[in-house]
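J.: Following my numbering, the residues of the sequence shown are numbered contiguously, the last one being 430.
I should point out that these hints are in silico values taken from the structure, not numbers from a laboratory.
Heads up, the beta-carbon is just placed ideally off N, CA and C, and yes, glycines get one too.
All clues stand as given, with none of them false.
Restraint-style ranges between C-beta atoms, simulated for each label pair:
{"no.": "1", "residue 1": "Glu201", "residue 2": "Glu246", "range": "19 to 25 Å"}
{"no.": "2", "residue 1": "Gly271", "residue 2": "Arg229", "range": "26 to 32 Å"}
{"no.": "3", "residue 1": "Thr369", "residue 2": "Gly212", "range": "28 to 34 Å"}
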Amino acid sequence: MTLKEKRTFQSNFLQRAGQNAEIIRQMADAVPGVLFNIVDADERIVAFNRANCEVCNFKDEMEVVGEKVADLFPAVLAEAYLSLYREARELGTPILNRVTAHGADRSTDFRVANVFPLRDAAGAVIGTAVFYRVVDQQHAKPDWYGAIQKAVSHIDAHFRERLSLADLARISGMSTTTFRRVFAQVMEMTPGDYIATIRINRARKLLTTTDMKIFDIAFECGFYDQSHFIRTFKRLRKQTPAQYRRAHFRK
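Could you build all of it, start to finish, from the sequences and the hints given here?
T.: Here it is as structure tokens:
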């Protein structure tokens, strides 16, 4: 979409959703620490507040308006977001204070999600308005998290190193089979995908805030082969590292 088309798409949706949707959108930018978006029934971004742009490493709202959620985020994250939005649309009622561990910038940050169905004048659900806020892990941590907390903390601290499934299972006090199953249930992604996400998040920051060479960034983020880094980055972000840097570099 061109910028004009994006603005028209956004304006048309907000008119259908009524005046309250625009008021909520404006309020979301005024409340500190709140991440906000509106997604239509076709799972396209309608609105994205400044705090959410910062977390997701987008330049501004118009970069993502009109884009499908599935095209903007790694599959494991996009599916977690979309399942929440679909649930609210299908129920037709708000989902309140749902704890989730799927932050776009760092997936171990726990967030409370509040998802509200948006309706047109005829009462049909046409999308969702979503508010996220980061919560204190010590007080909001679900009971199941303790089973893999040590492994997750180890990955966060040692993502630059070679990490084996056997070592992570041993840290968690589980067999490799049990660890793989429990990790996937808890984090809704495999241990390998989680490690890749943490490494690519670090790479994204270096690509947009430094002039480090791609090879050096790959090594700094735990990739010992530049081609593997590029393949993994493209799989998760739909762009090569060089393309991502050109689009997001902060001068």
